[in-house]
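Q: Sequence:
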Amino acid sequence: MAKARTGHWLSILAFSLILLKTEGFYVGITYVDSAVAKGAVCLDGSPPAYHMDKGFGAGINNWLVHIEGGGWCNNASTCLARRDNRLGSSKQMVKQIAFSGILSNKQKFNPDFYNWNKIKVRYCDGASFTGDVEAVDPKTNLHYRGARVFLAVIEDLMAKGMKNAANAVLSGCSAGGLTAILHCDKFRALLPVSTKVKCFADAGYFINAKDVSGAAHIEGFYSEVVATHGSAKNLPPSCTSSLRPGLCFFPQNMAQQIKTPLFIINAAYDSWQIKNILAPGVADPHGTWHYCKLDIKDCSSSQLEAMQDFRVQFLSAIKGLIGSPSKGMFINSCYAHCQTEMQETWLRDDSPVLGKTTIAKAVGDWYYDRTLQLMDWTFVRKAWDKWISTSIGSSGEPLKAALLINYDPTGPSRLLSTIAEQEGIRAKPIEVNQFVDFIKRNNLQSESFFIGQNQYLVTSIHDGWFCARCMNTSHPAGEGAIVMQTTSFILVALYDGSIGSASRAMVDVDQFAWQLGRKNL
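Every position in the sequence shown, counted from 1, becomes a number in the working numbering once 1430 is added.
No lab work stands behind these hints: they were computed from the structure.
The structure presented is a predicted model; accordingly, all values stated were derived computationally and were not measured.
Heads up, a few of these hints could be off.
[Said to hold, decoys possible] Here are the simulated DSS-like pairs of lysine-lysine, each with C-alpha atoms no more than 30 Å apart in a straight line: (1) K1468 / K1525; (2) K1536 / K1812; (3) K1830 / K1812; (4) K1830 / K1870.
[What the hints assert, rightly or not] Per label pair, the in silico range of CB-to-CB distance: (5) A1488 / A1528: 17 to 27 Å; (6) S1754 / Q1875: 37 to 47 Å; (7) G1644 / A1528: 33 to 43 Å; (8) A1589 / D1739: 45 to 55 Å; (9) G1591 / S1754: 44 to 54 Å; (10) D1567 / Y1765: 32 to 42 Å; (11) K1858 / T1820: 20 to 30 Å; (12) G1908 / G1947: 39 to 49 Å.
Positions of the beta carbon are idealized from the N, C-alpha and C atoms, including for glycine.
Let the hints inform the model, and build the full structure from the sequences given.
A: Right, dumping it as structure tokens:
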């Protein structure tokens, strides 16, 4: 029996190693030794550390700083328990860790950030990098210096090239996700004004909910964390000016005031929160929830009802962010905690989806502004339907076909969601993607392009638009194209006839572009 179990675990280990080889890779550790002189140290006084995979190609000036998670310590006893392991000492950290998911360097597994400079900052302070207490108790040798550590790491990365960043992201998982929320505006302030900065928080939206005994356990715990680490001065002042500092550790009380764009990735049935906020051990002395927390298939009907109520509370706690132009979110109903670091939840054939959209696609679309608000999509669809009804057809209408392409000149060309609308043509995403690459190269006068089977040559270039003629047409009077760029789209309009027919076609193209311009689209 023992031999059978051993064989089973060896099989799992071998399978895991195969997955790591194909989907992940190991990255070595970097110690910020210069931080020690500034008092920016882990709980035990050792230097901060991070793992960095350098960017390449078009991503060489883009930076993703991802913060490790690992809970918190709320008093000297719990911080002492962390001091001599990896959560309190860089001396105890492994020298290499695996990068996958949002940290992957393969385009297949991480299409929007694979070639960025990717950094995973190790977590060793126990307060989401908010603590700053000058005094060190000689009995415990505990250093509460998380805020200094955060600053020291960012300064070290700035010296290594982040000061020249074109794009930058602060992200994190769990307690690291909370760090990304709490430090989002600070991160923005430390980078050049010219840098495009946004923040992602994965499983970091911890809510203030009572446990199954009716006690406000997490509220008391957070208050103790803030008091122990002297965190109050490093929490958002927009919150601490009106609420007790401990309450400002909860994103629901301060995320609305964050000015830097922020995207929340979270499970409404967050497994860590279910286990530690809803049903912590202190609220379940008889272990009634033990098996339920290990596997929700073993939950009773009353426990499932309590979890459903927690989901309702979570959705209520996050509703203040809905509709904000600078906030985005991906909230699914998985029983999970942290979904960006693991390839199977970030981007794979069997990854969780919302509206057929994976987490990787949702995050990438939001960062590169490829997604529009629902009200904007409704407007675009109505305007498009009205326009094609009078402008496109085979009997007297100015145009024979049109294509509306989602386009962000600062974002990468992708096969996903390239085509917004099309009429009179059945373009394939990969063909349109090649056309978008042609636009980005901006060699309009020296290159030709294809729409479907037709090859076009640019004949005149204007501010925001250009005209082209088909080189391989069989139409006696020829065929032409008008291509116009708006804030969010590229409009391609195709017409039959001589160059003179372009004037009539241009009037209709202008009309639709004007409609989009009214909404800054």
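Q: Check the structure against each numbered hint from earlier and tell me which ones fail, lowest number first.
A: Hints 2, 9 and 12 not satisfied by this model.
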